[in-house]
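Engineer: Now for the letters of each chain:
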Amino acid sequence: MTTTEKPAADNGVDVPFLLGARTALTDEPAGAQFQWRAETEWVKGTHSRGTVKTFFGLGEEQEHTSSFTFDADHPLQFSSEDHGATPVEIVLVALGACLTAGVASVSQLREIQLRSVKATITGEHDLLGILGADPEVPNRFKGIKVHYDIDADATPDEIAAVVAQSQKRSAVYDCLTSPVAVEVEVN
Amino acid sequence: MLRVGAVVIGAGHSGLAVSRHLAERGVDHVLLERSEVASSWRSQRWDSLRLLTPNWLSRLPGYAYRGDDPDGYMSAPQVAAFIEGYAKESAAPVRANTTVTAVRRTDDGYVVETDQETWRARTVVVAAGGASIPSTPELRRGLPAGIEQRAAGGSTPDLPAYRSPADLPQGGVLVVGPSASGIQIAQEVHASGRPVTLAVGEHVRMPRTYRGLDVLWWMDATGLFDDRYDEIPDLLRARVLPSMQLIGSPERATLDLNTLSHAGIRLVGRLAGVRDGVAQLSGSLPNVCTLADLKMKRLLKGFDEWAEAAGAEQTAGLPPGEPMTPTVVPAAPQELDLRSGEYRTVIWATGLQPDFGFLGELPVFDRKGRVRHDGGVVPACPGLYVIGLPFLRRRKSTLIDGAGADAADVTAHLVGHLG
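Residue numbers (our numbering), protein chains in the order written: chain A, 1 to 187; chain B, 1 to 419.
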């Protein structure tokens, strides 16, 4: 017997778990209150090392399976030693990672099989701002562009809808597009 | 104390539809109305407002539009007269100018306290309206002094209702919210000569007509309006969906963001914050426009698919679908300085919410202050019902045309409860 039914999409995202979490946390909203943490230690010059190990969520202390480190520095062009990506590049990496996780999850939910997904993220930045050379230029990016190349079992409109929905549900996208209060204190 | 089988709170189209069904089933009841029949249509809406639904779609149990303009859209006073006609024709037992102050439980039902008589009933149907008071974000408090504020619909003691452009000071106007009310008000305020900026978050883009027919004809004919609350995948989302970008104008014009941009209205991102008198705007404008374009395309494609199959007979001879023009997203600033004098008024077109304060003593609210109900049946309080809320039982639950089916279901349950 032959069957023409296409196999269920598998992008490696546990959608039933996520939908279950949504229901459970709606009923127990306290569990949805998370705190994400990073520690940054100065190494030398503009080089620092960030470490991510613990977080709080689901009502208790949580821990990653291992500790992750992120070297950040400035490039040789800034007369630095280039031990890692610049912090602004890490922001682009975070945006790409967040949106791409969303693309995988939304595709899974909509039963779209992904074959390849590649995002190219660019941030336009006028350094006169951070150098203090022109007070009218802000420190932040002038704008960010994300370009997706996606190969999937879906129409172009369906893929566009997945990418749009991923932006709608992305934490990093929202952090970058809307203001977040930042408080910095010293011991 | 007066005693009835059912007290219906509110004599708008929903309450009157319930009354009609109760009468048919022989349930003695009374409708308590804080003002007059259909009062919110008289006092709580702006002057030029027309219904978004065409006249032929104004159907209630045993009553319908009978005028000579089935494809037109009623003005607010016409809606009030239409509903008043229904109340008269049904001989609905309305107690006008009776404000309910509290609903309490008793051993065998409820006591309904009002500023007039007190009523005892085994059942209570709350039909007080889902759109009574403006729903505005907390950041409203952060606007600089000197900026006038209005609500697109409804009012509170510190937020007057928008009536017409003539009531606004000269100078720039920021309209917050791109749904039906926001885009309509933006358009007419702009036409009055005041520069208008529209803050655009998520929205539901909609053409007024498709293939020559009102878009609501398609929704009605395809059965989309009959989608049930217990069958759709994401009910929470469906219940908070913004209203469709529509206007009921005699020329059946489409009013969308492209129309507004073209007229010279400035589109900016969603109002995300106010800091030191500066409005902070989200950078999500391109995506909310993309989302709305894609959804509208899917909707129209669904209409075409239906027209080719189940709807072939009803759509024979219709012209083909018009191609959709993508929303042109302008370069938008991330900030607006509200202290500069450029802006004099902010109009909040951020939605409306019910005013169910009189239920305060009953354990019916969720953590966001919404009544917990299952298709209008309130599980925590047997014998208590709500009606006229978004997607109560069907997609059309808040339309005049949706009241009949919901009222029939709710009344059937109520009669079962009475035993």
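These are computed hints drawn from the structure, not numbers from a lab.
Just so it is clear, CB atoms sit at the ideal spot from N, CA and C, and this is done for glycine as well.
One or more of the hints may lead you astray.
Claimed, not checked - Some chain B residues well away from chain A (every beta-carbon gap over 12 Å; in silico):
no., residue
1, Trp56
2, Ser75
3, Gly172
4, Ala221
5, Asp227
6, Met244
7, His262
8, Gly273
9, Asn287
10, Thr290
11, Leu294
12, Lys297
13, Trp306
14, Thr325
15, Arg339
16, Gly419
Unchecked claim - In silico DSSO-like pairs for lysine-lysine, Cα to Cα no more than 27 Å straight-line:
no., chain 1, residue 1, chain 2, residue 2
17, B, Lys88, A, Lys168
18, A, Lys142, A, Lys118
19, A, Lys145, B, Lys297
20, B, Lys368, A, Lys118
21, A, Lys145, B, Lys295
22, A, Lys118, A, Lys44
23, B, Lys295, A, Lys168
24, B, Lys301, A, Lys168
25, A, Lys168, A, Lys142
26, A, Lys118, B, Lys297
27, B, Lys368, A, Lys168
28, A, Lys168, A, Lys145
Engineer: Which numbered conditions among the earlier hints are violated in the structure presented, ordered from lowest to highest?
Structural biologist: 8, 9, 10, 11, 12, 17, 20, 22
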